[in-house]
Structures are given as C-alpha cells and as structure tokens.
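Visitor: For the protein sequence lines, the chains are A and B, in the order given. Take 58 as the starting number for the first sequence in the working numbering and just add one per residue. Take 799 as the starting number for the second sequence in the working numbering and just add one per residue.
Hints should not be assumed to be uniformly reliable.
Covered stretches of chain B (chain A as the covering partner; in silico rule of three or more C-beta atoms under 8 Å from a C-beta of chain A) [stated by the list, open to error]: (1) 822–833; (2) 893–906; (3) 911–917; (4) 1081–1092; (5) 1289–1298.
With a straight-line Cα cutoff of 16 Å, these simulated EDC-like cross-link-like pairs (lysine to aspartate or glutamate) come out [said to hold, decoys possible]: (6) Lys875(B) to Asp979(B); (7) Lys1155(B) to Glu266(A); (8) Lys819(B) to Glu266(A); (9) Lys1155(B) to Asp203(A); (10) Lys1155(B) to Asp252(A); (11) Lys1155(B) to Asp269(A); (12) Lys166(A) to Asp203(A); (13) Lys248(A) to Asp1265(B); (14) Lys248(A) to Asp820(B); (15) Lys1155(B) to Asp207(A); (16) Lys1097(B) to Glu1079(B); (17) Lys110(A) to Asp120(A); (18) Lys819(B) to Asp203(A); (19) Lys819(B) to Glu264(A).
Label-pair distances were calculated between CB atoms; the ranges are [what the hints assert, rightly or not]: (20) Asn1140(B) to Lys248(A): 27 to 37 Å; (21) Val342(A) to Tyr891(B): 53 to 63 Å; (22) Gly921(B) to Arg230(A): 56 to 66 Å; (23) Leu1011(B) to Ala288(A): 52 to 62 Å; (24) Glu853(B) to Gly297(A): 16 to 26 Å; (25) Tyr891(B) to Gly297(A): 19 to 29 Å; (26) Asn1148(B) to Asn142(A): 49 to 59 Å; (27) Val100(A) to Asn1148(B): 30 to 40 Å.
The set of hints was computed from the structure by calculation and includes no laboratory data. We treat Cβ as the ideally placed atom computed from N, Cα and C, and that holds for glycine.
Chain residues, written in single-letter form:
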Amino acid sequence: MKQKLISNIIKPVIFIWLLVITGAVSAQTDIDGLMMEKNAFCVGPMAGYSSWKNYWEGTLKRDNANLGTVSATQFSIMGNYGLTNKLNILFGLPYIKTKASAGQLKGQKGLQDLALWVKWKAYSEKIGSGRLSLFLIGGYSLPVSDYTADFLPLSIGLESKNLSVRGMADYQRGSWFATVSGTYVRRSNIKIDRDAYYTTEMHYSNEVEMPDMAAFNFRSGYRDKGLIAEATADNMTTLGGFDITRNNMPFPSNKMSVTRIGFNFKYDMPFHPNLSLTGNAFTTVAGRNMGQSSGFNAGIFYVLDFSKKERKNSSNPKN
Amino acid sequence: MKKLHISIIFAVSVLFYSCSKDITETNLEYPVLDPASQDLNAGTWRPILLTGPAEFSVPAPISTTSPDYIIQLNEIKSYQANITSKERKIVNYWGAGAVLRWNEILRELVALHNLPPYQNPDGTYPVPSPNNPLAYPQFPFANPPYAARAYAYVAAAQYDALVATWHYKTLFNRSAPYNVDQSLNTLLPKSNIPSYPSEDAAVIGVTTELLKLLFPGDQEFIQQKAEEHKKARILSGANVRSDLEAGEALGRSIAQKYITRARGDRAGAAVGTPAQWAQLENDCIARGEAPWMSLESPKRPPMLPLFGRVRTFLFDSLTMVTSIRPPAPPSTSSQQFKDETNEVLYYSQNPTTERMKIVHFWADGVSTFTPPGHWNLIAANDFVKQRFSEVRWARNMALLNMSLMDAAIACWDAKFVYYNPRPSQADPRIKTLTGLPNFPSYISGHSTFSGAAARILGHIIRSRANDYDNMANEASISRLYGAIHYRSDCEQGLITGRKIGDYAIARARTDGAE
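Next comes chain B alone, as it looks inside the complex:
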C-alpha cells in the first residue's frame, strides 16, 4: 500500500510540472517578408485620394558617398555591435511586414475599445468624446461601423503613401545600405529595391498620424510601437536614418489628406440626436410597420443610426440608394415574417454543439476586433503566404477595407431606412446564443461584411475564392443560428455585400496593379 501511495504522489507531481502553459500565437509565427516581386512599377499605380504619386514632395537624398551617409552607416553598425536576442526578435517581428503589423495594432486598439458605455444614473447613456478621450466612456467606442471606417482610412492612406514611396524610390534610386556597404550585416532578406524613402517609415508616418484622430487616448502605446519599428529597421541594416526620416515625413503629409476627408465624411454626426431617433421610429410606424425597439435595459439609443450617410469610398451615395440598397424586408404583419420568426425560434430552442461553435467562431462581439477585424485576420493569414510586396499588401488591404467600410455604410443605411425589429422583439420566447446587437435587424451586418470581403478576397487570391464564399456563408448563417437574425437579413446581407465587393473588384482591375 505504501508503494501505491508513493506512486500516486509521484504521478501527481509529474503531472503538475510536466505540461507548459505557453500558448503559440499564430501572428508570432509569421515568417519574415521576402516579397516574390518588388512591384517596381507601383509608383504608377492609381492612388485613392492623392491626385498623383508626387502630390507631396520628398527632398532628394544625400549621396551614399557623402560623410553624412557614412555617419548613418556607422549608426547601423553601432546598433548591431551590441545587439541582444530580444532586439533580434524585434527585427524579425517587424520584418514580417509593416502593413501587416500596423493592421494588427489597429485590430488590437479596436478590441480594446469595443465596449458599449455603461448607463448614466438617470438611465440615459453617455457618448464618448474625442475631445476628452480618457474620461469614461473612453473614446472611441470602436463598434463595427467605427472599426470598419478606421480600418479603411488606415489601409487606404497606407496604400497612397506607399504608391508615393515607390514613385520616389524609383525616382531617386538610392541603394539600400547593405548594397552600399557590403561589409554591413543584414538581418533581413536583401533586395534590389531602393531604400529611400523607407516604406516602413512611410507606413509609420501615415498610420500614427491617422491614429491620433481615430484613437486619441492611446498615443503612448502607438508611439512606443512606432519607435520600436524604426529601431528595428536601423538594427536590421535595411534602412539608414535618412531613409526613415524621408518616409515618415511623406507618410505624415499624406495622412493629412485622409484626416481632412475623415473630418468631413459625416461619421462625427452618426450618433444622431434624440429628435432624429424619434423620427426613425415615427417614419417606420407611418409606413405601417412595427418599429425596432432597443431590448436593452435601460433602453439604449441605436448604434450610430446615421452611419448610413457616411461618405463611401467605392461608389457615390446615389449609387448606394439606386443600386445597392436592398429591397424592403418582409412586412412585420406578413406570413413570411411570422414564418421567419418561427425559424429563429427553432434555432433558439434547439442549439447543437456544431451550431454553437459556428455562432461563437463568428460572433466577434464586444471586446473583439469586430467582423471587419476578423476578415482582416483572414486576409492577413493568407497574404503572408502570398509574399506580397509592402505596396501590394497595402493595395490589397485597402481594397478589402474600403469594401468593409462601404459594407458598413450600406448595411447601416438599410437598417435605419427599414428599422426592422429583432427576432426577440417579435417573439420574446427567442433567447439568443450570442449578444443581441442594439440596432435594427435588416440587413445582417456580418452577412454584408462577409459578402463584401469574400468577393474582393476571392479576386485577390483566386484559388481561395470558394473557401471565402463558404466562410461568408457560414458567418452569415451563424447569426440565424445565434437567434439574432432572420433568414432574410442574412441572405440580403450577403447579396448587398457581394455587390459592394464587385465595386472593389472593378477598382482593382483598373488601378494598374494587375
């Protein structure tokens, strides 16, 4: 018996210490970017807001034989002389790609800020203020429309910045430091692409400027990332200081164009006023339909009811109304509405393990990077394998995120034009398997985002088109399984999203990159 006791104690101790709790994070496994093509003609690609690649000037670089340039080479050498293993990790982390890493940082900021404000003592709700971002509720509330817009502005601006960067790279044609000084250690893959101005620094400049507008309370975190990124470029031997300075300055200038657009795109007024909220409800009643009501307690005003009026990227507002807005949903007094409500009730009352997994995989609710962020992750995981150049990364991310932002706008337009109640409002027996969003039902946001994203991604990576369609269908139906959307919401959402994706494809075919 004693032996048994001892072996039990031994077995328990082994089990206690044998298994490590370390988690493998997929984004830290990405390889260093070694582009399949440098896209040397990218300076001729069509920008989005810039009038041309040379709209903002960049001073000619100093010669690689000048004493100042030698000093800059020596800076690299002195950094490298005392490099630590932690610094090598930082070089490799940023070496996976500037557009990729800043997209990840943006996703993280969205997840951090994707929390609905807690109510005031009188049952009203406070609205986050960009003028006082650190006071509760912190600015922004990065809900799906806000997030979609943030991803789009950052991605589109990065693309314009890199088109301009490529223009100046070929114009000035200054070699990378490792090609100037063959004795220099290089910690990242070498290429023949000119290094002035630095594409990494252009991304840093344009992104950090935009993030001052979009996430004004997180500047310390953002600046720390920017400094680390710049240090990684010097350490790696890929850029001298003047490459970075020129790239960052160019990025900052181009950001101003986007900031001007953002200030005037009507997103700032999307919260609406109590009079506008009442108007939406009254208009719906006047059409003879049952209006949406908040099911939160206390009742919360709908999320960004005027977001449908925000300026789109891929088409104009008239096109949205005439060609993209979905037809009216089934009348709340129709048999079809009753049937669809009963279908939702069925999924509410009969969850299966398989459906629960689908609901939770695609939920992307509070405290996540939202559905647009999820599609950014899907894209990033696939783009890594494609070995795109930085400028092609930016172009593809811009196409994806302009689609997602326009999907948000078109979806919110439909939601507030039709103001359709949620299934749980139509039948209180419907309990949900995920959080019930606080805005009208028709059309499903997940479906619209996913239809748009799957379309443009299927164009970018043709071999994955079917996979993306399947993912979009699953994301869409997950909302019916979760008992928060009718089938019509999901189906019309996908159709609307795909139309938007087609506008992105039309742009992709004519931007000079294909």
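Bound conformation, chain A alone:
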C-alpha cells in the first residue's frame, strides 16, 4: 500500500541542446507503470547536471574547442496527484542554466517549459503469475518564459509547444518488472527573432517548422516495498529535420536523435515512509545533431495523502 503510494519516481533527464524534446524528459511517473492513489499528492524538488564535450554534427562526431564542455544545471519541481486510483495528473517545471567552458558565447538561464500529463491506467489483470497493466498518457508542454530557442547549443529549450500521446505496458512478476512505452510528440512551429533563415534552403519567415518526434522507452528491474532500482534505455528521434552542415551551428529544426542508457532508483525513508529519495544517472550511446551528454539527477519527494485526512475529519464527529 505504502509502496504503491509513493512508489514511482522520476526520470528527469535534462539534456542540453535539445533538452526537453519530449515529455519523457522530466517529471514524475509519466513514463513508469505506477499510479498515485486517489487524493494522494506526491511533490518535490529535483536538481540535476548534465554535460557533453563531443557532439554529432550530422552523423560526424566531433568536439569544439570554441565551446569546450557544454553543461546544463537544472532545478525543477514535480508533482503527481491521484484524481482516482486509475487517473493521475502530473506536472513538472524546470529552471535551467547552461554554460560553455570555452569560447565567448554566454550561457543562458531561465524557466523552461511547464509540462502537464494525464495518466490513465486503462487495464490491469493478472496474467500468468504476474500482472499486466496498460496505460494511456497524454502530455502537453509549453514555454513559461521568453527564452531564445535560436541560440543553440546554449539555448535552454526549443520553444515549441508539445502535445504527446504515449501507450505503455507494464508487467510485474514478484519483485521484478519491465515497462515499455512508445510516444508520439506533436511539436508546434516556433517563431524566431529574425525574418529569414537557412535550413537546406532559404526561408523568408520568422516561423520555423518543427518536425514531430517519436520516443521509445524500456525500463526493467526490481520494484518492491520501499525500493525501486531499474535500468533504462530510451531513444528519441525527430521525424524530419535537417543535418547540421560542416562547422555550422545547430538549429532548432535539425534532425535530432539520441539513444541513452541509464539507471534509476527510488528509496522510501524507513523512518518516514511518506518521504523518498530518488536519483538517476544516464549516458548517451548514439545520436545525431545533438550533444553526447551524460548526467545525473537527484530529488526528494513527499506524499501528502489528502484522503486519509478527509476520512479522519469526517469520522471524528461520529466518534
């Protein structure tokens, strides 16, 4: 019960230069197989750091002495509220600060995109000796500050409004589980601060067409009372876009893809089971028009159980 309440945390993978390309990036439980119970609210801060020295210019892997190591530090707040046992609402809001260790370009900072998800556990049945659950998740994110997308690789985000749908399946047998999901992200066009730009041809507009994205996520490991430890693998790919040309700068509508592997854990404090610690680390194993980033995140989450309170309050007069 407790385990189910606070079970699930988090996978805020912030990677610079294409930080949040999908809703999978940050926030709580939008991509795992667990739900908050009705009227329970799990909330907490997270902090993270990621960096890269090498990046892919098209498919060519290179470094850049005029950037050195590019890093992003991120602080965010995330939460998950149980509307019902089968329907959760989640949110995440990161503040991001970027920096290049060499060269003259100034790092950027600011609040990035507010992300919201609705997570619906559509099906859950015993199958064999385990339990299969199916989920449908809808997400939306939009920028909450007027940051500049057209300053890659130091931009804190890409400015598009993203609408995502995700189908997810989770199978647990004993203390071991596996979760797979696929996400389609519809990205809005963005407006940049100029009246013409070049992709593979000249465009006379301040509007940039952003290709949609697809993402896949696989996670598997141990999940039981008070502890989750899992390995993760994921891939995100834009469905279109163009390669960075030789020695050019990146552009928001580049063809971007990335494959990462990582490790997540969540641990409920034995002395206070409503409090949990979470952390993850990841590294990039393949990519295109993106930095080869590695990073880690850590957070503390607290579960407020409004339903208990209500029950107590309502039952008090009777006693």
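Take the given structure of chain A and dock chain B to it, following the hints.
Guide: Frame of chain A, contents of chain B only:
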C-alpha cells in the same frame, strides 16, 4: 469517468490534427510586377562600367510578320496548351521580377556558403580555392565582405545590362508577342514596352555568367533556375524565343566587362599571407596599441585582412583614405577605452529579452545572407510596393549594393589600419550574446553597412528615410547589446557608412533616372 476519458482522447486527437505546420514565406507572397512606369528613356541612363548603352551590339530582330516569328508564336501557344497549375505558379513566381528573384537566389547562395572552414589537424586553417570549389572547404566562404562584393557586382552588371536592353528596345521597337497576336493568352500584365531584347533574359545572361565566377560550385542549381525562368517567360506569352536569345547574349557579353574588373579588383589577394598578418600585428604594437588577437581556438587568421584594398565603385582609393577613413579609435590604454569596455561588460552581464531580440534580429551571422543580404531583403520588400520597372529595380539595387560593397571595403580598411582588439579580449569576463567575429573591432561592420544602406534607401524612398535610419541605429547598437563591439565602433561605423551612402546619392542624382 469514462466520459471524461473519452473527451480527453477526443480533445487530444483534434489538437493533433487540427493545426497545419505550413509556413507562409513572405517572398512567395510578392505580387506579379506591373510597373507604374516603363522608364522608356532608361536607355539614356548613365551606365556604371559600360562606355555607353551600345558598347555591345545586338542584331536587329526578325520581323513580326516573318515565318520564323510565326513559328515562335506557335511555340508559346503549344506551351500554353498544356499548361499545368505548377507551371502557372512558376510564371507568377518569376513574374514578380527578374532582378528581385535573382537577388533572392544570390542571397540563398550566400547563406549556403557563409560557413567558416574547419581547421586542419595541425591547427592551421584551409583556404577555399576557386579552382577546386567542391573540395572542402568549398569555395567560396561567403563572409560579409565576400557577400557584399558579390551583391554589388551582380547588381551593377544587371543595371548596365538593362540600360543597354532598354536602349535596344527603343531602337528596334519590336512589339511584345501579345501585342502582335491579339489571340495569344497572356499570363502576366501587358505593357507597351518593346519586348526585344528581353529584360528577363538580359538579367539571366549577365547574372549566370557572373555567378560562374562567384559561385563556381553551384552551376547546376543556377542553370536550373535560369531554364525555369526562361520557360516562364515563354509560357507567360511575354517573350518569344528570339527576345530571350538576344537578351541573354547581351547580358553574357556585358558580364565579361564585370568579370574582367573582378579579376583585377584585388579581392583575390584579400586573404593575405602569414607575413602580412604578422605585419599588421607588429605595426599596431609599434604604434603603442594593444593589437587584436583571434579568440578562436585554434587561433584563426583574421577574415580577409586585405579586403580594405579592394577597388571601390563609388569613389577612388585616395578619397577613401582622406575623406572616409574614420579617426583612430580610443587608445587601448586610455580611460575612454576602459569606460567603453565596462559598458560592453554591463550589456554582457545584463541581457534583457528586448535586447536579445534586437541582437538576434540583426545578427546575420554564419549560415545567413550576411548584413548586406539583410539590407537587400529590406530593400526588396519595399521595392515590391513601389512597382519599379525592371531597369529601375536594377538601378536601385546597384546603388544599394555598390554602397554596401564600398562600406565593406572602408570598414575593412579601418579594421586593419587600426587593428583594435575586441571587448572580450580587453576583458575576458565579457561573454557574448552572438557569435564573436574573427577580425578587429573598430569600426563595426553592421554599423557601416547599415549607415550606408539606410542613407541610399532613404534617398530612393524618401517617405521611409526615418524608418531606415531607425533600423540602421538598431542594427548598429545591436552589436553593443550583443557584447561584441564598443560604442565607438558602432558610432563611427554609422558615420562612415553614411558618408558612403552620400556618394551613392550623388551618383543617383546624376545618372539620368531622377
């Protein structure tokens, strides 16, 4: 609850498919050119390099009653008989104006080629070679001076070609096919201007020849555009084949005059040699000033350090030194220099959203059509509304682009005469909000270009003069906001640019077009 789920799914699906991602491109919205005046006297306007409008001869056209001419009319009819909607689009695209569309093509080539070469393994940098344009680094590196020169040669040559074209139009006075055969469909506005030789073809001939020199590795793209343009003219019923052939041949001949000038204008030597680069630094030290240093890693030689010696269009090299070169910048050991450096540091450390927008709007850095290209876009957007004839389009674009090229030359002259360090070199705490150009600071190129462009454009369209001045001021100060230029760079750049614009105005007043 089920209802809620269903409505969520429904709402999400609607949002997914409701909004189209198609982008409206402003250059595809330009109307078809229907000139307010045909400028029938343009054959008497003063050319730039031509000794006169008849320096290159054009054979007399065949008569409109000859059997060969009838065959050419039938070619139009056979094209039109099977016209597709895509072909109609092509007719309208080119119908917006030959000078306009080829200016756009040039801007696109500049943006494609505006990329600094990646270093060699030993930390030196390769130089693009016009003799091997497709090998990396591809030729050219269309940086702002290169681009300014390319725009100017193409625009000036187009102007001369159209002055000659207008001369022969009035001399031969052969009617346009739609006036010869009233039954002919015409897809573009009709006029009484003679159609032999074709002004569109003259622009095609002169431009494609010059682009062989300026963008030698892009011939397939250029030829494809030229063929499409010629087909659009036949399809539209505005020209018969012989109009095009005569115009194109005339354009090609006139281009040779410009190619000869370009080969001898010293731009080919502007990259300089390691000995010359060292000399610039030593001369600066000898004057007691801190010399500019490349802040790139590995250190890159300065961009076209000898471009200041390229032959100008609007004044001679003595005038440039005596009347246009700005005074020396504040000494690198002066209090004013320290104060100005601190001002740059302030803008570096305190960016605002508003200033960031200004920095990025005017940045025109790598992979763009450069600041001269930006001013071409500004001019084109306004010229479209003026309904200039093709020859007046060419004349105004030539005035603008000769100003921009001479601005590049005067600016590069000052940069390498004074060899002043960038703010980030003077104070490494200064981080920039846009790319830091790899050449000395004083004077600002954006300011010089913008001062020159705003001046001549304000003369061409008087009602917009204040707007152009405001744009120039904003482009200029954007470089201080971006933390890559001192205030003196920006102010002196504008002053220098305006002087150059005034030379263009002096020419404009005496070229016979006003």
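Visitor: Looking back at the numbered hints, which does the structure fail to meet, lowest number first?
Guide: 4, 5, 7, 11, 13, 18, 21, 24
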